[in-house]
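Use the sequences and the hints to build the structure in full.
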Amino acid sequence: GQSLEQPSEVTAVEGAIVQINCTYQTSGFYGLSWYQQHDGGAPTFLSYNALDGLEETGRFSSFLSRSDSYGYLLLQELQMKDSASYFCAARRDDKIIFGKGTRLHILP
Amino acid sequence: KAGVTQTPRYLIKTRGQQVTLSCSPISGHRSVSWYQQTPGQGLQFLFEYFSETQRNKGNFPGRFSGRQFSNSRSEMNVSTLELGDSALYLCASSSPPGGLDEKLFFGSGTQLSVL
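So the protein lines, in turn, are chains A and B.
Residues in the first sequence are numbered consecutively from 1, following my numbering.
Residues in the second sequence are numbered consecutively from 1, following my numbering.
Possibly wrong hints are sitting among the right ones.
Mimicking DSS-like on lysine-lysine, the simulated pairs with C-alpha atoms at most 27 Å apart in a straight line are [said to hold, decoys possible]:
| id | chain 1 | residue 1 | chain 2 | residue 2 |
| --- | --- | --- | --- | --- |
| 1 | A | 95 | B | 57 |
| 2 | B | 57 | A | 100 |
| 3 | A | 81 | B | 103 |
Label-pair restraints from in silico Cβ distances [claimed, not checked]:
| id | chain 1 | residue 1 | chain 2 | residue 2 | range |
| --- | --- | --- | --- | --- | --- |
| 4 | B | 103 | A | 17 | 22 to 32 Å |
| 5 | A | 19 | B | 61 | 23 to 33 Å |
| 6 | B | 12 | A | 7 | 11 to 21 Å |
| 7 | B | 16 | A | 17 | 44 to 54 Å |
| 8 | A | 38 | B | 69 | 23 to 33 Å |
| 9 | B | 5 | A | 38 | 28 to 38 Å |
| 10 | B | 17 | A | 93 | 27 to 37 Å |
| 11 | B | 2 | A | 94 | 19 to 29 Å |
| 12 | B | 53 | A | 13 | 26 to 36 Å |
| 13 | A | 44 | B | 115 | 24 to 34 Å |
| 14 | B | 14 | A | 59 | 43 to 53 Å |
| 15 | B | 73 | A | 38 | 23 to 33 Å |
Think of the hints as simulated: they come from the structure by calculation, not from any bench.
Quick reminder that beta carbons are idealized off the backbone N, C-alpha and C, glycines included.
The structure is reproduced here in structure tokens:
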């Protein structure tokens, strides 16, 4: 089917680094985006990888390997405010597909 | 620039009724897409409009419909509401779809409860 798979939950410690993975279940996706959503809030754009490789934006980095149908979001120097859900998303056949989201829990 | 505006913020309806949700995109954005978000299911694509034309539609029944006006504002309509339609409905606007730097800007959503 057409889906993006992510872990449902990840827990990390404040100040640490965490990686959230996203794998494709099928081919034909073009690029990979990442969004953050706090409870009760709207999703906000974090990053987009059109090509293979690493994109860095401050404490957040995103990686894409189209040959491996795999991408990840890397969050460094975790802060309590990073506690949120993170979604990967991609366009396929002109439809925008989202993963079910990864809930990030941060421990003090 | 003002962000994406969705109205109403909350809505309570009963089964069998219909509902219309509104979305005003960021000024200059001509692409609007709609999503249904329920706990555990993430965001599910409903449809996308560009320059008043529906570009594509997700796997939802025909009870879900939408349109886009010449000023890029969009509405979605759900007829014959069912309990399972209770969800957060999100609208997003973007620069022309399919671009290499595609980036969605979301509104705060309309929380629909069907009783």
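Going down the list of hints, with the structure as the test:
no. : hint                       : verdict
1   : A:95 <-> B:57              : 7 Å, holds
2   : B:57 <-> A:100             : 19 Å, holds
3   : A:81 <-> B:103             : 22 Å, holds
4   : B:103 <-> A:17: 22 to 32 Å : 25 Å, holds
5   : A:19 <-> B:61: 23 to 33 Å  : 38 Å, violated
6   : B:12 <-> A:7: 11 to 21 Å   : 34 Å, violated
7   : B:16 <-> A:17: 44 to 54 Å  : 51 Å, holds
8   : A:38 <-> B:69: 23 to 33 Å  : 31 Å, holds
9   : B:5 <-> A:38: 28 to 38 Å   : 19 Å, violated
10  : B:17 <-> A:93: 27 to 37 Å  : 33 Å, holds
11  : B:2 <-> A:94: 19 to 29 Å   : 28 Å, holds
12  : B:53 <-> A:13: 26 to 36 Å  : 49 Å, violated
13  : A:44 <-> B:115: 24 to 34 Å : 31 Å, holds
14  : B:14 <-> A:59: 43 to 53 Å  : 46 Å, holds
15  : B:73 <-> A:38: 23 to 33 Å  : 26 Å, holds
Violated hints, in rising order: 5, 6, 9 and 12; the structure is consistent with all others.
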